[in-house]
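Spelled out from the first residue to the last, the chains are:
2 protein chains.
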Amino acid sequence: MKDDRALLQEALQEAKLGLREGGLPIIVARGHNLRVQSGDPTAHAETVCIRNAGRRRDWHELTMVSTLSPCIMCTGTALLYRIPSVIVGENRNFLGAEDLFRSRGVELVVLDDPECIEIMAEFVRQHPDLWNEDIGL
Amino acid sequence: MKDDRALLQEALQEAKLGLREGGLPIIVARGHNLRVQSGDPTAHAETVCIRNAGRRRDWHELTMVSTLSPCIMCTGTALLYRIPSVIVGENRNFLGAEDLFRSRGVELVVLDDPECIEIMAEFVRQHPDLWNEDIGL
Numbered sequence: 001m002k003d004d005r006a007l008l009q010e011a012l013q014e015a016k017l018g019l020r021e022g023g024l025p026i027i028v029a030r031g032h033n034l035r036v037q038s039g040d041p042t043a044h045a046e047t048v049c050i051r052n053a054g055r056r057r058d059w060h061e062l063t064m065v066s067t068l069s070p071c072i073m074c075t076g077t078a079l080l081y082r083i084p085s086v087i088v089g090e091n092r093n094f095l096g097a098e099d100l101f102r103s104r105g106v107e108l109v110v111l112d113d114p115e116c117i118e119i120m121a122e123f124v125r126q127h128p129d130l131w132n133e134d135i136g137l
Numbered sequence: 001m002k003d004d005r006a007l008l009q010e011a012l013q014e015a016k017l018g019l020r021e022g023g024l025p026i027i028v029a030r031g032h033n034l035r036v037q038s039g040d041p042t043a044h045a046e047t048v049c050i051r052n053a054g055r056r057r058d059w060h061e062l063t064m065v066s067t068l069s070p071c072i073m074c075t076g077t078a079l080l081y082r083i084p085s086v087i088v089g090e091n092r093n094f095l096g097a098e099d100l101f102r103s104r105g106v107e108l109v110v111l112d113d114p115e116c117i118e119i120m121a122e123f124v125r126q127h128p129d130l131w132n133e134d135i136g137l
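Protein sequence lines, in the order shown, are assigned to chains A and B. Okay, so the first sequence: first residue is 1 according to this note's numbering, each after it adds one. Okay, so the second sequence: first residue is 1 according to this note's numbering, each after it adds one.
Mixed in with the good hints, there may be bad ones.
[Stated by the list, open to error] Derived CB-CB ranges, DEER-like: (1) A:Arg82 x B:Ser103: 31 to 39 angstroms; (2) A:Arg20 x B:Asp112: 46 to 54 angstroms; (3) B:Asp4 x A:Pro114: 48 to 56 angstroms; (4) B:Gln126 x A:Arg57: 18 to 26 angstroms.
[Stated by the list, open to error] Short, incomplete list of chain A residues facing chain B, as computed with Cβ under 7 angstroms: (5) Arg30; (6) Pro41; (7) Thr42; (8) Thr47; (9) Arg51; (10) Cys71; (11) Pro84; (12) Leu108.
Keep in mind the hints are simulated off the structure, nothing from the lab. The model shown is predicted, which means the values in this text are computed figures rather than measured ones. Glycine included, every Cβ here is placed at the ideal spot set by N, Cα and C.
Chain A extracted, bound-state conformation (with noise of 0.2 angstroms):
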């Protein structure tokens, strides 16, 4: 639990670069939120984070962490490459695909992180038409 916490600090570190560049602030390891930056509709945090990633084959040793639960765009990347554990920061400001992550066996934690929490809030209040087109909606 406490590597788990130290983990996430690392992606809210990440995120917190994300918000101050005005992008989203959520973020997996490294690599942060890039859609509104890019104009890369698949630049959610977690793909970005496989991306810098880069072409590899220890994809069964990794670990993904993210501030938000993951999307099911992003859940489907780390499913297609087999990443076996993920560690999410809060999933109260948004539900993503869970249930397909622990349906593929995939050894997922929700630490319900208050920071995490609140930096996102905060974004969603401020920018629901940005935060809105991030989820598809």
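Given chain A's structure and the hints, the job is docking chain B onto it.
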């Protein structure tokens, strides 16, 4: 059915463009697999196509066309944006997450097209290593 086949011909033209570049012959509408060319593990044809489509609010009016059955990442990406209709050239060389599409109410047509089957089978024969990497094996 006639329109479905015409759309598939467009997809096949794009697939052949990818092959000439030394990449994988799987494509959708306008976008082909760029994983080898770009080093981006998320650059399957369908995800590249959605990326190329850019930020938009009319996903619910679009049809995704792919020469090959979409993997779970590409399926998740199409589901995120609520693309309602998917045309698939073939699913013999690879059966993607078609059940997931159907469970979400997406209209899915599989054409079992001989040319799509052959172009993919030939690539898998010539490059089994690249192919396995592409599907997370």
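Hints the structure violates: just list their numbers, smallest first.
Of the numbered hints, 1, 5, 11, 12 do not hold.
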